[in-house]
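2 protein chains.
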Amino acid sequence: MEPESFFTKNTKVALKHEPPGEWMPPVPDHSIPLNAGYPAHSLIPYEEMNEAVKDLIEEEKDLPFQYLGSKKVNTVKKFVRERLAERGVVLLEKEILVTAGAIQGIDLIARTFIDRDTWIVVESPSYMEGLETFRNYTDHYITVPIDENGMQTEELEKTLKDRKEKNLPMPKLVYTIPSFHNPTGTTMSIDRRRHLLELASEFDFLIIEDDAYGELYFGERPTPIKAMDSGSRVFYIGSFSKTVAPGMRVGYVAARSDLLEPLPWFKKDLGHPFAEATLGSYLSQTDMKKRFEMLRKVYQQNCKTLISSLEKYMGDIATWKNPSGGYFVWVHVPGVDTSKILNEAMQAGVAYVPGKHFFVHEQEGLSYLRLSFSYVSREEMVTAVEKLSQVIKKHIDQ
Amino acid sequence: MEPESFFTKNTKVALKHEPPGEWMPPVPDHSIPLNAGYPAHSLIPYEEMNEAVKDLIEEEKDLPFQYLGSKKVNTVKKFVRERLAERGVVLLEKEILVTAGAIQGIDLIARTFIDRDTWIVVESPSYMEGLETFRNYTDHYITVPIDENGMQTEELEKTLKDRKEKNLPMPKLVYTIPSFHNPTGTTMSIDRRRHLLELASEFDFLIIEDDAYGELYFGERPTPIKAMDSGSRVFYIGSFSKTVAPGMRVGYVAARSDLLEPLPWFKKDLGHPFAEATLGSYLSQTDMKKRFEMLRKVYQQNCKTLISSLEKYMGDIATWKNPSGGYFVWVHVPGVDTSKILNEAMQAGVAYVPGKHFFVHEQEGLSYLRLSFSYVSREEMVTAVEKLSQVIKKHIDQ
Chain A
199 MEPESFFTKN TKVALKHEPP GEWMPPVPDH SIPLNAGYPA HSLIPYEEMN EAVKDLIEEE
259 KDLPFQYLGS KKVNTVKKFV RERLAERGVV LLEKEILVTA GAIQGIDLIA RTFIDRDTWI
319 VVESPSYMEG LETFRNYTDH YITVPIDENG MQTEELEKTL KDRKEKNLPM PKLVYTIPSF
379 HNPTGTTMSI DRRRHLLELA SEFDFLIIED DAYGELYFGE RPTPIKAMDS GSRVFYIGSF
439 SKTVAPGMRV GYVAARSDLL EPLPWFKKDL GHPFAEATLG SYLSQTDMKK RFEMLRKVYQ
499 QNCKTLISSL EKYMGDIATW KNPSGGYFVW VHVPGVDTSK ILNEAMQAGV AYVPGKHFFV
559 HEQEGLSYLR LSFSYVSREE MVTAVEKLSQ VIKKHIDQ
Chain B
199 MEPESFFTKN TKVALKHEPP GEWMPPVPDH SIPLNAGYPA HSLIPYEEMN EAVKDLIEEE
259 KDLPFQYLGS KKVNTVKKFV RERLAERGVV LLEKEILVTA GAIQGIDLIA RTFIDRDTWI
319 VVESPSYMEG LETFRNYTDH YITVPIDENG MQTEELEKTL KDRKEKNLPM PKLVYTIPSF
379 HNPTGTTMSI DRRRHLLELA SEFDFLIIED DAYGELYFGE RPTPIKAMDS GSRVFYIGSF
439 SKTVAPGMRV GYVAARSDLL EPLPWFKKDL GHPFAEATLG SYLSQTDMKK RFEMLRKVYQ
499 QNCKTLISSL EKYMGDIATW KNPSGGYFVW VHVPGVDTSK ILNEAMQAGV AYVPGKHFFV
559 HEQEGLSYLR LSFSYVSREE MVTAVEKLSQ VIKKHIDQ
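Quick note, the sequences are listed as chains A and B, same order.
Converting from the first sequence to my numbering requires adding 198 to each position, the first position being numbered 1.
Converting from the second sequence to my numbering requires adding 198 to each position, the first position being numbered 1.
Bound conformation, chain A alone (with noise of 0.2 Å):
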């Protein structure tokens, strides 16, 4: 019996891709992992989460076990109706469906809107496991470069013109992080959001906006593209796991209802009554505007403590972008393949994720490298920059 001869047409398409989360390689345990781009230890609020679930379990018992039942659930999507009002997004209740992370709402829509032939855009860099997702259902991308303004809409609009005037097949999905974009930290200008509504309604696509970072501003608080989207073409994507605890798996998406329908017809997971009570009992019981504040502090004044140990120890062998939120810096080291010093590197004990696995042309990203300030303590990024320039003229050398 041959496994390949059953599976389908798209599945075997699909595996010639690498395995999901290939690439990161185990990191060892004495290496300092600017890597992960998840919360501290310390930031994840775990002692209330206890509460929150005892609090739940005392008013609620089973239910919160049952396939449906607790009102807590509801809690959560209130929670993101009133956040997302007081950012400019006004939704009805029918108009948000929560997920198990922002990653299952990308998965969730790329099912339901992508076949085969279907050309899609996305930014060049793009976050990894968003590319990952779309790759299991098409393999046409239109790629479109980041500045410091974010992604350059006048290049997608030459693109596009472009393709219409050949009659090649235009895009239907364009995929973008506008705020604190993973990887590179960067922020689409306010000019640059209004374009890029202004070519979906031109040219008849959709814009999927990927906000999972949209709270963790340092400076000023950028407007959601949602919020200027009067055609309705957005589909805007949000996240607890960068302001709460990832574990948690709750994200959510928001568009027109007519557009989010047949989500709910792909997503067989059934709803996860008891991560989603927890997490809306602890939002009844946290002063949430409180703690983003303090995460914006911490993670403002961790960025700081990044930037000045790359200034010190590595400025004469790289560049950077400056992020105005987020979790991510992206580091250019010319010359150097990162993906090849990656082991290297580890040995020596840091740990970072090479940039080519955020391009769809992976050759584009050689001499890139994330590094994120969200996990470690200070004093070991410092160390960790230190180790890693090291690494990094060794080979610059050679």
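Any given hint could be a false lead.
Pairs count within a copy or across copies, as identical chains cannot be separated in the list.
[Said to hold, decoys possible] Taking lysine-lysine pairs in the DSS-like style, the calculated list, with each CA pair at most 27 Å apart, reads:
id, residue 1, residue 2
1, Lys-252, Lys-269
2, Lys-487, Lys-269
3, Lys-207, Lys-364
4, Lys-356, Lys-275
5, Lys-488, Lys-252
6, Lys-259, Lys-495
7, Lys-276, Lys-519
8, Lys-269, Lys-210
9, Lys-502, Lys-585
10, Lys-356, Lys-487
11, Lys-538, Lys-510
12, Lys-207, Lys-292
13, Lys-487, Lys-259
14, Lys-502, Lys-519
15, Lys-502, Lys-487
16, Lys-292, Lys-269
17, Lys-591, Lys-538
18, Lys-592, Lys-495
Derived from the structure by calculation, the hints contain no laboratory data.
Given chain A's structure and the hints, the job is docking chain B onto it.
Just chain B now, kept in the frame of chain A:
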């Protein structure tokens, strides 16, 4: 902007079917929910879960709330392996995938193995949410009737031979619930289990063995088909929903590793660390064999009560099969369209699931209904059956 113009071909076809969950309208508060296929309040170990969370957080702090890290997630896999080994299914660790409930396992297999032109075999009747899932992928079904010994594999053999002779497309997958079948409660005999495996080898198909109710036997413990699966053609699907708590959303798929391999490519929810670790913590502090025994006793007694109520109130108007395990009794009420009288029954104070939703060809199920003995108290069951009998009698008399 026309949303439909953006949908994939597959989405457009899927949307022709009813939305998920439409088979059950909301049950009024005053109605006794004999429709509910979930555990009774008193059978959900919510106080123990509270303890499990407390101990987990005390021991692992933030780990269960991160993307990965909690060792308790492995406890779930270890439990599954050990328990299945006792039931004759010996598995390597890489042959198990933990999923968000059994239904996510079914969905992942469907996504990975079913093209739009793929034929599959389902039992008639079958689990409505299984059918709902398969309908997202294909409309090509071979249905095989169930009798008191489960799926009539002789009928399947005839159909397959006939199709082969006529050069018709052959099925790639057979979906079966061999033990304490949902909705009929029947169990496939050991001879038919063997026969099905022989057919799988002869006609080259795979088998999904949905064993969500496998631990809940009243008499003899059935041998899983997977335990006899020398040709490695079986996906074995299990769940903690019926024995611990459905709201945890933890189930699993077990299969030879090269058949299981593609599933994680499409499983984009990234696991559920908090829920899985909580379950792991619970399993490590619970005598599960004792718990299974307790559940068997309670459900067996519940089942007796339901059957004796049926004898008392509906002996003259209905027939049913005596289940030897599980959650359900399948009732035949000749001459009555059960979907047409559901609202009246709910107004009279009793809810059930109309039979038609369990059939690919709905008209085959019009005079059937599914009652559950898992959720409501024995007193309520008696009352509910009496009320149901009154409603039905009114319609038989007409």
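Hints, one by one, checked against the model:
1. Lys-252 / Lys-269: So Lys-252 and Lys-269 pass the 27 Å test inside a copy (15 Å) and across (22 Å) alike.
2. Lys-487 / Lys-269: within (22 Å within a copy, 33 Å between copies)
3. Lys-207 / Lys-364: between (30 Å within a copy, 25 Å between copies)
4. Lys-356 / Lys-275: Result: close neither inside a copy nor across copies, 39 Å intra and 52 Å inter.
5. Lys-488 / Lys-252: So Lys-488 and Lys-252 pass the 27 Å test inside a copy (23 Å) and across (26 Å) alike.
6. Lys-259 / Lys-495: Intra 37 Å, inter 23 Å, cutoff 27 Å: inter-copy only.
7. Lys-276 / Lys-519: neither (36 Å within a copy, 46 Å between copies)
8. Lys-269 / Lys-210: neither (42 Å within a copy, 33 Å between copies)
9. Lys-502 / Lys-585: Classified as within; 18 Å inside a copy, 71 Å across copies.
10. Lys-356 / Lys-487: neither (41 Å within a copy, 66 Å between copies)
11. Lys-538 / Lys-510: within (24 Å within a copy, 77 Å between copies)
12. Lys-207 / Lys-292: Classified as between; 24 Å across copies, 34 Å inside a copy.
13. Lys-487 / Lys-259: between (29 Å within a copy, 24 Å between copies)
14. Lys-502 / Lys-519: This pair counts as within: shortest intra-copy Cα distance 12 Å, inter-copy 70 Å.
15. Lys-502 / Lys-487: Within one copy only: 23 Å inside a chain, 55 Å across chains, cut-off 27 Å.
16. Lys-292 / Lys-269: within (17 Å within a copy, 38 Å between copies)
17. Lys-591 / Lys-538: Classified as within; 14 Å inside a copy, 77 Å across copies.
18. Lys-592 / Lys-495: neither (35 Å within a copy, 70 Å between copies)
Violated hints, listed in ascending order, are 4, 7, 8, 10 and 18; each of the other numbered hints is respected by the structure.
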